[in-house]
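J.: Same order as they appear, the protein sequences are chains A and P.
Residue 99 in my numbering sits at position 68 of the first sequence, and the numbers go up by one each step.
Residue 258 in my numbering sits at position 5 of the second sequence, and the numbers go up by one each step.
Worth flagging that the hints you see were computed from the coordinates, not collected in a lab.
Because the structure is a prediction, the values reported are computed rather than measured.
Heads up, the beta-carbon is just placed ideally off N, CA and C, and yes, glycines get one too.
Honestly, I wouldn't trust all of these hints.
To be verified - Each pair of labels, with its calculated beta carbon distance range:
hint: 1; chain 1: P; residue 1: Pro261; chain 2: A; residue 2: Lys89; range: 35 to 41 Å
hint: 2; chain 1: P; residue 1: Lys297; chain 2: A; residue 2: Lys142; range: 30 to 36 Å
hint: 3; chain 1: A; residue 1: Gly72; chain 2: P; residue 2: Arg317; range: 23 to 29 Å
hint: 4; chain 1: A; residue 1: Gly72; chain 2: P; residue 2: Arg337; range: 35 to 41 Å
hint: 5; chain 1: A; residue 1: Pro39; chain 2: P; residue 2: Glu305; range: 39 to 45 Å
hint: 6; chain 1: P; residue 1: Arg331; chain 2: A; residue 2: Val51; range: 37 to 43 Å
hint: 7; chain 1: A; residue 1: Lys142; chain 2: P; residue 2: Arg262; range: 30 to 36 Å
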Amino acid sequence: GENVEQHPSTLSVQEGDSAVIKCTYSDSASNYFPWYKQELGKRPQLIIDIRSNVGEKKDQRIAVTLNKTAKHFSLHITETQPEDSAVYFCAARPNQGGKLIFGQGTELSVKP
Amino acid sequence: NAGVMQNPRHLVRRRGQEARLRCSPMKGHSHVYWYRQLPEEGLKFMVYLQKENIIDESGMPKERFSAEFPKEGPSILRIQQVVRGDSAAYFCASSADGEQYFGPGTRLTVT
Chain A
32 GENVEQHPST
42 LSVQEGDSAV
52 IKCTYSDSAS
62 NYFPWYKQEL
72 GKRPQLIIDI
82 RSNVGEKKDQ
92 RIAVTLNKTA
102 KHFSLHITET
112 QPEDSAVYFC
122 AARPNQGGKL
132 IFGQGTELSV
142 KP
Chain P
254 NAGVMQNPRH
264 LVRRRGQEAR
274 LRCSPMKGHS
284 HVYWYRQLPE
294 EGLKFMVYLQ
304 KENIIDESGM
314 PKERFSAEFP
324 KEGPSILRIQ
334 QVVRGDSAAY
344 FCASSADGEQ
354 YFGPGTRLTV
364 T
């Protein structure tokens with residue numbers, strides 16, 4: 032069935048360091064991979080996404096890479112700041128316009 | 254352009270009562286998705302609707318749960334005869350045909 036695995040479940044870094052979160056997906060038909068940031072008690076916020084015809088996408092300090100062959104995708108945050116502290120979720124979409132399958136989440140803590 | 258709206262934000266129900274959760278999509282969005290998030294867990298897909306049609310309900314329990322998105326008005330997720338295990342945050346998301354944007358959620362507590 033459709034499944035997304037996310038690692039690590041918790042990640043602690045010093046301010047200014049980089050953070051990397053990795054996800055794997057099971058459905059090779061998946062064509063869209065968004066990343067969401069969720070602060071405590073708040074809604075998930077879309078921070079970056081990538082489509083299956085692209086290998087890498089960057090937006091300021093955030094980048095996402097996709098390896099379709101290995102069915103892996105990763106989130107990279109550079110020059111981390113305390114306000115980056117939150118839970119990050121990856122997701123995969125098996126069908127055009129359809130549901131998202133979410134990973135289990137990574138709690139990122141950036142220590143000043 | 255207002256974002257996705259959900260109400261109520263908090264809902265307390267006793268076991269056996271009904272819960273009705275409402276979601277108004279972003280202007281111009283015709284796709285609505287409902288997800289459930291248990292404490293300290295990820296988001297689980299429940300149902301995907303377009304106006305007057307259920308497109309995919311593969312994540313919704315067969316009993317007690319129903320959803321609709323009428324021609325006029327918000328999408329409604331209805332939970333009948335609630336049990337303690339239904340306590341969770343229920344998020345809806347809307348899209349035009351791509352990125353999904355989430356509402357603030359309804360936190361349901363069943364006592």
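J.: So, for every hint listed, does it hold in this structure?
T.: Here is what the structure says about each hint:
{"no.": "1", "hint": "P:Pro261 / A:Lys89: 35 to 41 Å", "in the structure": "holds, 39 Å"}
{"no.": "2", "hint": "P:Lys297 / A:Lys142: 30 to 36 Å", "in the structure": "holds, 31 Å"}
{"no.": "3", "hint": "A:Gly72 / P:Arg317: 23 to 29 Å", "in the structure": "holds, 27 Å"}
{"no.": "4", "hint": "A:Gly72 / P:Arg337: 35 to 41 Å", "in the structure": "violated, 21 Å"}
{"no.": "5", "hint": "A:Pro39 / P:Glu305: 39 to 45 Å", "in the structure": "holds, 43 Å"}
{"no.": "6", "hint": "P:Arg331 / A:Val51: 37 to 43 Å", "in the structure": "holds, 41 Å"}
{"no.": "7", "hint": "A:Lys142 / P:Arg262: 30 to 36 Å", "in the structure": "holds, 32 Å"}
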